[in-house]
Structures are given as C-alpha cells and as structure tokens.
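Peer 1: Note that the protein sequences, when read in sequence, are chains A and B.
Heads up, the first sequence is in the UniProt record's numbering, so the first residue is 1 and it goes up one at a time.
Heads up, the second sequence is in the UniProt record's numbering, so the first residue is 1 and it goes up one at a time.
Hint data in this document are derived by calculation from the structure and do not stem from the laboratory.
There's no promise every hint is true.
In this list, chains with the same sequence are indistinguishable; a pair is considered to hold if it fits within one copy or across any two.
Below 25 Å or equal to it, Euclidean Cα-Cα: the simulated BS3-like pairs (lysine-lysine) are [claimed, not checked]:
| # | residue 1 | residue 2 |
| --- | --- | --- |
| 1 | K91 | K3 |
| 2 | K91 | K103 |
| 3 | K3 | K157 |
| 4 | K45 | K131 |
| 5 | K179 | K265 |
| 6 | K316 | K91 |
| 7 | K229 | K270 |
| 8 | K3 | K316 |
| 9 | K171 | K209 |
| 10 | K103 | K3 |
| 11 | K178 | K3 |
| 12 | K266 | K237 |
| 13 | K12 | K91 |
| 14 | K157 | K265 |
Only a predicted model underlies this, so the values are computations on that prediction, with no experimental measurement involved.
Number of protein chains: 2
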Amino acid sequence: MFKPTTIKDIAKALNLSTSTVSRALRGGYEISEDTKKIVLEYAEKINFQRNPIALSLRERRSYSIGVVVCEVANQFFSQAIDGIESIAYSKGYHVIISQTHDKYNREVINTEHLANRSVDGLLISLSAETKDYAHLVRLHQQGLPIVFFDRILDSIKTHKVTSNNRDGAFKATEYLIKKGCRRIAHLANASQLSITSERKTGYEDALGKYGIPLDENLVRYCEYGGSNKQEVDEAVKYFLDMRDRPDAIFVASDRLSTGCLAALKKYNAKNNILIAGFSNSDVVELLNPSLSAVRQPAFEMGRKAAEMLISLIESKYPVEEFETAILETTFHENT
Amino acid sequence: MFKPTTIKDIAKALNLSTSTVSRALRGGYEISEDTKKIVLEYAEKINFQRNPIALSLRERRSYSIGVVVCEVANQFFSQAIDGIESIAYSKGYHVIISQTHDKYNREVINTEHLANRSVDGLLISLSAETKDYAHLVRLHQQGLPIVFFDRILDSIKTHKVTSNNRDGAFKATEYLIKKGCRRIAHLANASQLSITSERKTGYEDALGKYGIPLDENLVRYCEYGGSNKQEVDEAVKYFLDMRDRPDAIFVASDRLSTGCLAALKKYNAKNNILIAGFSNSDVVELLNPSLSAVRQPAFEMGRKAAEMLISLIESKYPVEEFETAILETTFHENT
DNA sequence: GTGAAAGCGCTAACAT
DNA sequence: ATGTTAGCGCTTTCAC
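Please put together the full structure from these sequences, using the hints given.
Peer 2: As structure tokens, this is what we get:
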C-alpha cells in the first residue's frame, strides 16, 4: 500500500511534537532556528510532502480550480487551457480539467462534482446543449467563484472573458465579400450560445456594409456544435444543393470548419466555394480546401480568465464589480 | 463564502446523530427503513453531497486517477484521454490531467504532486526529455499503482499499453517503397523514447525486406519531440539540402508530421517528396501536402490503460504478474 | 520555544 | 436501530 510519511512520523523520528514540526515546516517564526533547521533537513532528506487532502480539509480550500470545456481535443480549448495553467501554476493552484462533450448532462454532473469543495473556483465554457442554467446559478449563489470564458452566460453576474466575436465574424465575412463573393452562407453553432449570436451579428454587419441583403435561408445552425459529424455534413449538403448555390461559407467554429471542409471534399465541391471561419488549428495553413481563419487569442483568454478567477477566490471581501474582458481576434488568409 | 452543508447539519436538522445520517446515506442495512427514508429525502431536498475531501482523508484514497501526458493539444493524447475517461467515469473515478509539455522538470513536479495522496494511481506517457526515471521508480516502490502507455518504460515492472509501433512503421515505410521511393528519410522522435526505437526498427525492417540499405544519415532525431518547431524545421531542411535528396520521409509522430508538412510547404518542396507518418489527427485527409498516416487506436489504448490501472488500484493483493498490451495500428493512404 | 488538544467532515468500531 | 467516540493528517489556539 502507498503510505506516505506524515508529520507525525517526523515528530516521532525527531522526538518533537507534531505542532512543532508543523510550525517548522511552514516557517513559523515562533520556533528556534535550531529545531527548524533539523526538521527542514530531515523533511528534505526523506522528501516529505504535506498531505494536500488533510490540508484542504482543514483550510476548507483545495488550491485547485476546475475547468469545464466541451472538448480538450480542440485547439482553441487546449490553447486556452495552456493559458489557464500558466497562471494557475504560478499562483500555486492546480488545474482540474473536465469535458462535457457538449452534453448538458455531463456539464451538470461535472460542475456539481467539481464544485463540492474539491475546487476553489470554476472556469467554464458552456456546452452547446445547455439551455438551463440552474446548476450554475445555484453554485454561484452558494458562493462558488465562477468565471465564464468563450461561451458565456449573460444572466450570471461575474467576470467573463470572450474574444471580439462580432469583429472576427465581420472580418471573415468582409474578406469573402472582397474576394467577390455575394451569396455567403453562414454555418453557425448551437443557437443558444453567446458566441453564435455575436458571430452572426458580425456576419450581418458585414453583409449590411456592402449592401448585401441577409438571407436567412443561407444560415444553418448546428445544435450539437459539430460534435455530430452528420449534422455538419447535412448542413453543407443543404448549401450545395440549393438552386442558387452560395459562393462562400462563413463558418462559426473550429469543429464546424473542419467538418465543413471534409464535407466539401466529400461532395467534390472544394473548388467553387470559398471558406472562411473561426479556427485555432495549428495546421490551418496546410488545409485543402483552404480555410481562411479567424483566430482567437486562446492562450491569452485562458490567462485572463484564470487571473480573474483567482482574484475572485482570493478576494477578502465579496466582489460586486464585474468585468467582461473582450480580446481581439486576428484574421489569416489562406489560399 | 462557499460553505456546503455537512452531515452534521443534517443530523441537527433531523435530530439524529451523525453516524445515523452517515449510515442512512450510504444505505447501511442496519438502519430502520423509516429513518433512512427521512434522511434520504432531506438530503435529496437540499441537494446534499458528501465532502469528497473528508472522504479521501478518511479512506486514504481519492477515487481519482492522474494522467500525465506531454500535451493535450494533440489528437492522439486527447483521444486517449477520452478513452481513459470513459472507463474511469464508469467505475466512479475522476480523471486529473496534467501536461508536461515534454519537459522533464514538469514531469517530476506533476507526478510528485499528483502522487502525494491526491490520486490513487498514475497513467503516464513519458515526456520526450525524460532520461532519469528516479521520480517514477520511487513512487512505484512506495506502492503507487502506475500504468505506462504509449511512451513506456522497460525498467519499471508494471502494466503497459502501446500500439504495435514496429508494425505501424513497417507499413508506412513499405507503402513509401511500393510507391517507388528508394531514399526514404526518417524523422524520428527523441532518441530515448520507447516508441522511437520501436518505430525505427519497423522502418529498418521494411527497408531490409526490400533490400534497401539503411543510411543513418537519413535519420534525424528531434529531441524535443517536435515541441520545438525550429528543431523540426531544421531537420527537414537538412533532408532537403542533401546532395542526394530523399524522395520520401517517414515521420515518427503527430507533432513531427505537421511540423514536417509545414516545413515542406515553407521550402516549397511539397511536390517532389512523399510523406507518411504517425498521426491521429482528424483532419489528416484534408492536409496538403498530403500525409498518409499510421493511426494508433488511441481511444482503445486509453481504455485499456485505465482498466489496467483501476484493476491495480482495486486489487486486494499485491500484483506480481504484469501485462504489456500491444494494440494494432491502421494505415490510411492520402494523396 | 514547545507541547497538548481540539477540530475540519466523515466513517467504523464499539457501545447501548 | 441508534448514539458515542476515535481517528484520517494537518494547523492553531491555548497552556506551560
């Protein structure tokens, strides 16, 4: 059995009391330099580590933060997680990642589980399926610090981090227009997501600026956020089968973008339709059909969100003023 | 402050002792149906959850397993993690993921941290940099259940899961040969990794089978496993600059493969050199230059590894017999 | 400066 | 069937 040494073992070995050892270990000043030295050296020698679980129980905090994302196999989220970790580690926190796979059920289970005193705070990007927010409202009311990022929620008052989705979508759509496209379809994410409406607005604004009327028939929503390959395939097929086929597609997300390209390839339509969309893939410039991409500052978003969460966790007084950070996207043409 | 209800609160509210409540909650049979019902209903009503930290402290186990991988932003590992989670959740375990970014230091820190009684066992794929295994040996000796997957370690006696790297490499190399290539370079991973030598052997075997002599000048190792973009770039450049330029490259890993394609594109060499390599990317068929790929059964590997680890954790008696599972790869031509 | 004791939330003997 | 108690590993009053 795996049985690590405890403070008690050290006390016994050194003929001291556990409290003395404890104090020495955490460098309390009310301890003689001699004993402190002895303890520290011994602890070092046997590679002693305080039991974090006992510590958590006692201090009623775990020095860990929970991260809930739909999927880790997604460049945007894995980059965001790297950002989160970079801050968390530097401030002595652990990061516990959990995936929803865009399922509402998993989101509820995961947040509950994480919340129940095993994390000090929660960083969450909503699942595509989530329409009921009661699980989050309750945790938030109970006082669990929560920060939303990317797929945020208006109704809960807390810190939030997003990218400038409207502007990103605008840039992508405008790019397509400037390339001469006029019938620009929009392959959108689940309709209830914050990012979906923001990106749609950017799309509309760009069309408006160039006097192209919005045609709702050219907009398809993927309610499973692309987790369902078939859903994307059908949406693309729908576009391709239109009597008046679109000459471009603006795609709202990473998952959707790759799904869209795969469908275009499958239907052999890759040459007569231009694609631009959100993607943080690191192989975006190697794709064929090519994908001009709106890239979100995922790493920075993760950093920012983690900073906000930790400030919430460590705040001595209840925080009343909340901030929504909006980071800028960049656009990369690929041909 | 986030202050969840405790068993004590329930006891007080219901005028019972904490032990009765505890027993009712875990369905001990030595409790009257009436009280059990009352307690359960009340707990349900207030959405009570036992404090997992207190539980861990008491039971000396956390019902969580630690996963150490180099990077989550890697299709192979994220698929493997999905497999791990599928098993872990079904058996009531949590999964704590930590990334080494292929740094030895981070591997040491992360494993220590996870091990120290906050996980019941460890699933690990070694970092590219790791040459010293003392940190793992120590934990293993102390009795922490460890299962290696993908990048395994011979010297520690425990369960292991890999794919048939030799055969995968053989298939890829043979494919290139059958395509008419004769000067086949090999872009390899860090030389100390198990997968590196296994894949190199497959490469050599294929060359041997077709009577092509092995030329060590055609083999380049990437000691940072491709984490260092420049390293890959230089290796590819080295191949391209050879007086007798290779007509194909067999690439040993996902990260390396995309880095290799990027370099080929950069140096405008994508048309006269054929690439085959290990990759679990889900966009592999969309890549240009194209990448014919050896795909590992990542999800299955994760499942298998998790099953092995949990059986180790839950074994009543010390396990002495260990198994190394070797799963088969598949090869996918892309042109 | 150091030790004894209580308590964080929970469970499992050990009473009754 | 239920209550009392001790203890998981740690920190922190409170004594001395």
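Peer 1: With reference to the structure, classify each hint as holding or not holding.
Peer 2: We went through each hint and held it up to the structure:
| no. | hint | in the structure |
| --- | --- | --- |
| 1 | K91 <-> K3 | between (28 Å within a copy, 23 Å between copies) |
| 2 | K91 <-> K103 | between (31 Å within a copy, 20 Å between copies) |
| 3 | K3 <-> K157 | between (44 Å within a copy, 19 Å between copies) |
| 4 | K45 <-> K131 | between (54 Å within a copy, 23 Å between copies) |
| 5 | K179 <-> K265 | both (21 Å within a copy, 24 Å between copies) |
| 6 | K316 <-> K91 | within (17 Å within a copy, 39 Å between copies) |
| 7 | K229 <-> K270 | within (18 Å within a copy, 30 Å between copies) |
| 8 | K3 <-> K316 | between (36 Å within a copy, 15 Å between copies) |
| 9 | K171 <-> K209 | within (12 Å within a copy, 54 Å between copies) |
| 10 | K103 <-> K3 | neither (38 Å within a copy, 28 Å between copies) |
| 11 | K178 <-> K3 | neither (67 Å within a copy, 56 Å between copies) |
| 12 | K266 <-> K237 | within (10 Å within a copy, 34 Å between copies) |
| 13 | K12 <-> K91 | neither (33 Å within a copy, 38 Å between copies) |
| 14 | K157 <-> K265 | neither (44 Å within a copy, 47 Å between copies) |
Of the numbered hints given earlier, the model fails hints 10, 11, 13, 14; all others are met.
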